[in-house]
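Enquirer: Given next are the chains, with one letter for each unit.
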Amino acid sequence: MRERAKSWVLSLLLLAVLLFSWHLASLPKSGPATGMDPEYAKMMGLDKPKSDGLPTLSQMGATVRKQLSNPFYDAGSNDKGIGIQLAYSLGRVGLGFFLAALVAIPLGFVIGLSPVVHRALNPFIQVLKPISPLAWMPLALYTIKDSATSSIFVIFICSVWPMLINTAHGVSSVRREWLNVARTLEAGTMRTCFEVILPAAAPVILTGARISMGIAWLVIVAAEMLVGNLGVGYFVWNEWNNLSLANVIFAILVIGVVGMILDLLFGALQRAVTFVE
Amino acid sequence: MSLFDNPYDPNARLACACGRHSDRAAHEADTEALSAQALETAVLKALFPRDAERRRFLRAVGATAANAAIASLFPLGALQAMAQEKGKLEKKDVKIGFIPITCATPLIMSAPLGFYEKQGLNVTLVKTAGWALIRDKVMNKEYDASHMLAPMPLAMSMGVGSNAVAMNVATIQNSNGQAITLAMKHKDKRDPKQWKGFKFAVPFEYSMHNFLLRYYVAEHGLDPDKDIQIRVVPPPEMVANLRSDNLDGYLGPDPFNQRAVYDQIGFIHILTREIWDGHPCCSFGVRTEWVKENPNTFAAMYRAVLSAAAMAAGPENRTTIANAIAPANYLNQPVPVLEQVLTGKYADGLGNIKTVPNRIEFDPVPWSALGVWILTQMKRWGYVKGDVQYKSIVDQVYLMTDAKKRMKEEGIAAPAEMPKKIIVMGKAFDASKPDAYVQGFAIKKA
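If you read the protein sequences in the order shown, they are chains A and B. For the record, in the first sequence the residue sitting at position 273 is 374 according to the numbering used here, with numbers rising by one throughout. For the record, in the second sequence the residue sitting at position 301 is 966 according to the numbering used here, with numbers rising by one throughout.
No lab work stands behind these hints: they were computed from the structure. If you're wondering where the values come from, they're calculated on a predicted model, not measured in any experiment. It is possible that some hints are incorrect.
[Said to hold, decoys possible] Looking from chain A toward chain B, a few residues come up when the C-beta cut is under 7 Å (computed):
#: 1; residue: Met144
#: 2; residue: Met145
#: 3; residue: Ser170
#: 4; residue: Asn171
#: 5; residue: Tyr174
#: 6; residue: Ala176
#: 7; residue: Asp180
#: 8; residue: Gly182
#: 9; residue: Lys246
#: 10; residue: Asn339
#: 11; residue: Asn342
#: 12; residue: Asn343
#: 13; residue: Ala347
#: 14; residue: Ile350
Glycine residues also receive a C-beta, built at the ideal position from the N, C-alpha and C atoms.
Okay, chain A solo, but in the shape it has when bound (with noise of 0.2 Å):
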């Protein structure tokens, strides 16, 4: 117990040493202008004291508090609070992810149970599994001629390999004594795969869907930059626009702390299927 205070004081120590640097690395370097001509002054915002660049923590806090305190508002089509921006991110990444289990579990499956199989394709994945995702988005735009159905492509992409590879890892080491009891008690095909490999695959497979989700969200922020569909990177995308640094970095909070929220569902996920020998 004495451990965990220990590391929490550590954690703690460490957000104030960044937020102290952050409030140094934001002072304001320029006051208001003196000696200017003072409506050359009002063009130039410098009537008023102006940060260059790094938001300071108080104008952050509003910046934060702003945006939390009506997440949901819709101020047009290009104008959506986080929340719905974020529900925009989330739908895509969802469909994409889903797709890619439905494609790479029962694939993963085959290429587990016949070696054939597995020879036979491991050259196609191991070619396919290190391209950029986003290098196919050209592709996809040009393929599909629909740019929200290409970001969703190019999830399905990404998040199709880590499961893929995994699921094929998962089956073929499930351990052959209980095939071999399987066997014995005259279980069917499917009764096996059901029954036997994929409660003892389980684990392996959940590890692979969360390094894919894991991407997945990786990767749909810059797919939003790239095509600007609304989401969490048409967000980043358009407070960049305007250079307010603020806002990016209040939408780069906001996607951090989603991710980690999601990784924490993969990782419920797995312990609950997770089994002792």
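Put chain B on the given structure of chain A with help from the hints.
Expert: Structure of chain B alone, referenced to chain A:
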């Protein structure tokens, strides 16, 4: 004679140009009817090269049946519907793409100021990340119409830089309104001859920005393909790149020139009106196929944008407009920045306040001479090779007569001739001799 001509002017003609009508309006109404008929005549002539056959066919089936039969082969109905007055809208919900820059002012302000609504349209404006994406989304039919750079529809129609898709330019969105911005550290290098090795950005290859920057440096003896670097950077990212020292300058759209000044990153070297006063910049583009499928919706959209352009042309309205288009839903920029761009009273970044009322102007007519100039530059810098049918390409893409007609419908005065001659850095451009113009340049690729 139009309503606004002075009847006491000894040089004004009270009759029309051909002399058979009492005034120019009657002449134009007549020529429109005639041109519609001329279209059908051309189709019938092509179908029946021998006149005797045509007459036999018409007598046998009757004129109405003949018309119906031919209309099933040729989109005569659609073409004629285009001429109809305010017909029923084929499509009420329209998606229009835009890049968040002041060039898009007429089509953006039409939403908050209710010009679309007045025409019965429910328009969704979609903010888009860059010009290549605009092109792709128009080609994918995700957008019904879009804000485009003036050269883009020409390039797309010719299939330069993408697959060929027939496009139309309904209106020019704005003239002037761009600037060359340089990084603060170059404030003593105002002579372009000192720019060797500079890294510049333009928003897109097929943009006035690219062609004007190339023209400008070439007039000062630099070869834009060898002596400087020109990169394509989406407008919103120009300021950030200038700050991070990735660029020495850019010829970009506003508000990003003024934004660089506002953030003390750069200064305005020159406004593009000093290169060519009255140059077009952005346009309102639509796929030709879409125009044929939705003639009435197209006409309604057309009228909305033209009314907006007419309002934007008035200097007294500019502050209202700046406030209407500043929110995050549209440009997402501070109002003072937009105000300086639109009113022309601005800080140049070097400590001076300048007053240039025509920093940005709104003349919506897509004059064909403008299109021809653009093509000459595409030819000059090797974007198109071989013989270019300048006039016929532009006439297919730029809907000059349509724009004038729709303006008349809305009671907006449409000038008969281009208000300003094309003079680029002191050199006059004759649209009837494009090839000679291209050959006349010392620095070129073609």
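Enquirer: State for each hint whether it applies.
Expert: Taking the hints in turn, this is what the structure says about them:
no.	hint	result
1	Met144	holds (4 Å)
2	Met145	holds (5 Å)
3	Ser170	violated (16 Å)
4	Asn171	violated (13 Å)
5	Tyr174	violated (10 Å)
6	Ala176	holds (5 Å)
7	Asp180	holds (4 Å)
8	Gly182	violated (11 Å)
9	Lys246	holds (4 Å)
10	Asn339	holds (6 Å)
11	Asn342	holds (4 Å)
12	Asn343	holds (4 Å)
13	Ala347	violated (13 Å)
14	Ile350	violated (15 Å)
In this structure, the hints that do not hold are numbers 3, 4, 5, 8, 13 and 14, in rising order.
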